[in-house]
Amino acid sequence: MTLELRAVSYRYPGYRRRALEAIDLRVGDGEIVGLVGPNEAGKSTICLVASGLAPASIGGELAGDVFVDGVALRGIPVHELARHVGLVFANPASQLSGIAGTVFEEVAFGPVNLGLAVPETVGRVRVALASVGIEDLAERRPDRLSGGQTQLVAIAAMLAMRPRVLVLDEPVAELDPEGRRLVGEALRSLAGAGTAMLVAEHDLDLLRSLDARVVAIDGGRFAVPA
Amino acid sequence: MTLATFVLGGYVGPTVLFAAVVVPSALVAGVLRRVVVGSVLVTLPFAIAVGLVSVFTRPGSTILFELGPFEATLEGADFAARVVVRLLVMASALALFGLTTPPRASVIDLERRGVSPRLAFAIGAVVAAVPALVERARDVRNAQRARGLDTEGSVRRRLGGVVPLASPVVIGSLHEVEARSLALEARAFGRPGPRHLPWAPPDTAPERLARWLLLAGLVALVAASVAGALPTLP
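Line by line, the protein sequences give chains V and F.
Each residue of the first sequence is one higher than the one before, starting from 1 at the first, in the working numbering.
Each residue of the second sequence is one higher than the one before, starting from 227 at the first, in the working numbering.
Since the hints were made in silico from the structure, they are not lab data.
Every value quoted in this text rests on a predicted model; they were computed, and no experiment measured them.
Quick list of simulated restraints, FRET-style, between CB atoms:
| no. | chain 1 | residue 1 | chain 2 | residue 2 | range |
| --- | --- | --- | --- | --- | --- |
| 1 | F | Gly374 | V | Arg208 | 43 to 49 Å |
| 2 | V | Arg140 | F | Val448 | 40 to 46 Å |
| 3 | F | Leu320 | V | Val122 | 33 to 39 Å |
| 4 | F | Ala275 | V | Ala173 | 42 to 48 Å |
Partial chain F-side listing against chain V, Cβ under 8 Å, derived:
| no. | residue |
| --- | --- |
| 5 | Pro329 |
| 6 | Arg330 |
| 7 | Glu402 |
| 8 | Arg406 |
| 9 | Ala409 |
| 10 | Ala414 |
| 11 | Phe415 |
| 12 | Pro420 |
| 13 | Arg421 |
| 14 | His422 |
| 15 | Leu423 |
| 16 | Pro424 |
| 17 | Trp425 |
Glycine included, every Cβ here is placed at the ideal spot set by N, Cα and C.
Next up, chain V with everything else stripped away, as it sits in the complex (with noise of 0.2 Å):
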C-alpha cells in the first residue's frame, strides 16, 4: 500500500501560477507522512492531488503523475478515488452528508454509494467504528456531536471505503483540545495498525506521536527534500 506522487505540479483553474511545482514524494507501506510548511503553502492542494480530487472534481491542470500501489489515479474515476485513497478535511461538519439520522447511517454512506450488498456495508461500518473507538456513538445523531467526535466519524467514514493509503488535511486544526487529543489517539491507532497516512498539520507534536517522517513545503515546493 503506497501513494507516490511523481514530479508532480498542479495548477488551480483560473489561475496562472502553478500551486504545485515538481513534487516528488512517496509514502511507504505502513508509512506515515507529516506535511506541514505555512498557510498557502500547497499543504492543501498536495492532499487534493494526492486524492485524485484534483484534477479530477476540481479541474485545473497537472503535470506528472499520482500512483497508488503502482496505479496511476490519472483516468479513474472520481467515485472510484476513494477505493484508492480516502480524504479527510479539516472541517468536521462540511464533510459529513448532512442528511444520515445516526452515525451508522453517515459512516455508511460511502459504502453505500459503492453499491456494496448491506451485509458488507454493515461489516464495514462496524469495523471502521471499531478503528477510531467510536461503537457506542452509532447510534448518536451526528448533528449533536462535539467537534472531535465529528472528525472520528469523518475519519471513520473514509475508512470504511477500505481505501489503500488515508489522506488526512490539517485533522485537528479546526478542533479544541479535547477533540484534538480523541483525533491524535484515534491517529495513532490507526498508524499503530499499519496505515499509511499522508497527514498535513500544523501541529508538529501530533506529528511526532505518530512517529511521522516529517516533510516541509513552502511555495509550492518541498523547501526540505522528500
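Mind docking chain F on chain V? Use the hints.
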C-alpha cells in the same frame, strides 16, 4: 394538500382542509404550535404585501374607508383575505411536512421510488440546510452588531445593513456547498448504479392507506375542478 388548497380556493375549502387534515396530523405528531407559528411567520410578509396592494388598488363598489387618494374596497379586502387564507394553509401543509419528515427519510424514499440519488440528495440537503443557514445568518448578524452595525434602527439604516449581513451568509454558504460537494465526491457519491440501503424508513399500512386516500382525493378534486363540477364555495 398544497395543490388541493390551490384548486379549492375561497374560505371554506382551505379551512376545512386545515381543520380536517393539518390540525389532526400536527396534533398527533406534537408539532401543532410550531406548524401554526411557522406558517404564520412565513405568510406574514406576503399577507402584508397582498393586503396593501389588493385592498387599495382593487376596484369595488363598496368603499370601506379612504386614505389620501386611495380607496379601500370591500372587494379588495375580500380578495386579499382569500389569498392569505390559501397561502396560510399551503404554508402549514409544507411546515407539517418539514417538521415531521426527516430529510434522510425523504431521500431514501425518493431513491427507493427510482429518483436519481443526486436529485433525491439535493432535495434532502436543501431541507436540511435551512436550519444551518438560519444559524449562520444569526452568527453573522451578531458579529456585525458587535462591530457596530445598526440592525434595529430606521428602515433606511436597516436597508443599509442588508449587504454586510447578506454577503457573508451567501459567500459562507457557497464555500460550505463547495466543501461539502468535494467531500461527497470523496465518498463516491457520484457513482452510477444501484445502491443497497441497510435500512428503510417505516411505512405502515395505515400510512400507505392515508397516502392513497389523499392522492385519490386530490385527483378527484382536480378532475372535478377541470370538469366544472366543483361547487363554488364561499
